[in-house]
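In order, the protein sequences belong to chains A and B. Residues in the first sequence are numbered from 1 upward in steps of one, following the working numbering. Residues in the second sequence are numbered from 535 upward in steps of one, following the working numbering.
Don't read these hints as lab results, they were simulated from the structure. We treat Cβ as the ideally placed atom computed from N, Cα and C, and that holds for glycine. Possibly wrong hints are sitting among the right ones.
To be verified - Anything over 12 angstroms on all C-beta distances counts as not near chain A; from chain B, calculated:
no. : residue
1   : L541
2   : C549
3   : M578
4   : G595
5   : G611
6   : K612
7   : S627
8   : Q636
9   : K646
Said to hold, decoys possible - Keeping only pairs whose Cα atoms sit at most 25 angstroms apart, straight-line, the calculated SDA-like set for lysine to any residue is:
no. : chain 1 : residue 1 : chain 2 : residue 2
10  : A       : K148      : B       : I628
11  : A       : K127      : A       : L46
12  : A       : K218      : B       : F567
13  : A       : K28       : B       : K646
14  : B       : K589      : A       : E173
15  : B       : K605      : A       : S23
16  : B       : K605      : A       : E150
17  : A       : K218      : B       : K565
18  : A       : K148      : B       : C549
19  : A       : K316      : A       : F426
20  : A       : K148      : B       : F634
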Amino acid sequence: MDVQNIIDRLGLQVRDLQENFNSLVNSKSLGIFGKQFCRILSGTLLTTNVNLLLKNKKGGEWEEIYISNPDCTNCKKHLSENDFLDMKFFNEGKIRIAVTVPLVNESFFGILIGKRLDNEPYSEFDKIVIQMFILLLDHTYQSFINQKREKDLNFQLNHRILQLNSLIDTGIEVSKLQKSSSLLDLTLERATALTNASKGRLRIFENEKIISKIYFPKNTPLRNEEIKKSKLKTDVTFMQYRYEITLYDKESRSGIIDFDITDEVLLNAFARQVYTAMENEFLHEEALEKESLQKELSVAGDIQKKLLPEKMPEIKGYDIAGINIPSKEVGGDYYQTMELNDGRIALIIGDVAGKGVPAALLVSTLDACLEAYLDVKLPLPEMAVKINTIIYRASPLDKYITFFIAILEPKTGELDIINAGHNPIFLLRKNNKLEKINAGGVALGMFDMGLPFEGQKLKIMKGERLLLYTDGIPEAMNINEEEYTDQRLEKYFMKKKPAKALTFINNIVKDVRKHSGDTPQSDDITALYLIRKL
Amino acid sequence: MVTEFSLSSEIKNDCVILKPVGYINNNGGEKIFKEYLSFAKKGMNKVIIDLSNSKVINSIGISFLIEIIDKLNDEKGKLFFANTDPSIEKTFSIMGIYQFAQKAATVEEAFKKI
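Same shape as in the complex, but just chain A (with noise of 0.2 angstroms):
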């Protein structure tokens, strides 16, 4: 061969090794590029026996990567562990060439070659080429890892991405599930997918005593016999739950392994999600509840004002005047003025044991039973008997009212009265004596046992005064919580003799007022205040 065949025949072989190296490179896999480079050089040196092995380490096995002729596997004898280039030629049996070549990784490939087409023995040129084809192999193996290392990596990249994605996701889909169980299942769900987790279970504890159990895939609960050869756990506590979240055998191409730093991290995060969701999920309840309360209130409220009387009698040769403030938007304080057919005039009020909805109905009940009973001109004795019962049954247990009425005959500033329970009623004399209405009985509905109720009869003069009023306005108290007092009440009253009877009561809630300074009002305020001009 002369030296410009060898610079052609060189040429050659160097333009087949940079059109093959994209090729080898971008192999599906391991056995495609083994099959692939051994064409190649099967094609150059003129034979059909090329094989091509790999050994990982020192020591290991020969694996096959590629074989062309299945008898060549006897003679891998011949390829070394050498941490050079190590080639053996031979000048008869079913291998000629056996090159073993140290890779950078301290694994091996070894090429097992036969004889030529043309039974040749192989030249010193086919020697150079077979070098030659060696560095290809090198690099191209170099550059087939590394490509696959960066699809595993950009596997893994897009993986993570997923993970942040779906934990995000998964935190918004949870926020807006109103029931515990959805979010648990959803919760479940993405943390077994996300960690390539094989199972999942949650377990939710309420005093150490396990009340349910999720599993996701669902209905596939852990049989006692089902070893789990990874375990990652976590759990958290809300109120008197604790919900244990425990993921099961991370799954890998090559089996099952233990779960990561990552994976307990996410884990870690979803427990956190679940968490902030049922707080907000309790919040939202509890806001609803009370917007819902809210309204009752309101509603009730309204019903009370309308059993509050609009404005007051004109009652010739009398002044009067009313207040009611409650202290919630439901109180349980009433008082009322009824003109009857006869012409006298029912003054009533009322204080319910308790406030709000409960009070409020108790109130309308009195309310219709005064309306429906004023008018059958039944002794006042025997129409508290008859609305005691009505109020007994209307009432829980703990409710009743006290109340006071007087039916007056304005005429003759007679009063047909009745007490029962309520604080004791003031009128005071022309004398500027007081007198103090305590007779009646017990307040209506603690006692559904015919109680008898006892009346009194008075009479009002010309210039004498009566107070009806509630506790709220003995019992207001300061910041220091010392009450207003009955005394200080009764000194009021028997002192300030105002000639209007609006002045009284707006002077009264002013002193009521000073007295209390900052504090919230604790209990309504309800006072019905009358004079006799003529």
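Model the placement of chain B on the given structure of chain A, informed by the hints.
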């Protein structure tokens, strides 16, 4: 309701329809891949995977689907995913699956497109 994984398949015209049920993890992914291979050996290279009963997949399951895509690309075949749940759809988008496979709202739509 998701239970243990199961898989059914059918051939319609010259197309393979794979219908997994349940969590596509290592076990599920491997079953899908093996089922695909059994049809690929017969030269079938048009595949529709109906995901109407599989709402959750992990990355190991995805790696098996990538192998199917890889093999179909070699065979100049086509793969369609149909009835994908929004969360799986997002997963596939992030993992880059739709660069190599198609999606269809329903199996019927996949038939028209394949």
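Could you check the structure against the hints above and give me the numbers of any it violates, in ascending order? 4, 7, 13 and 18
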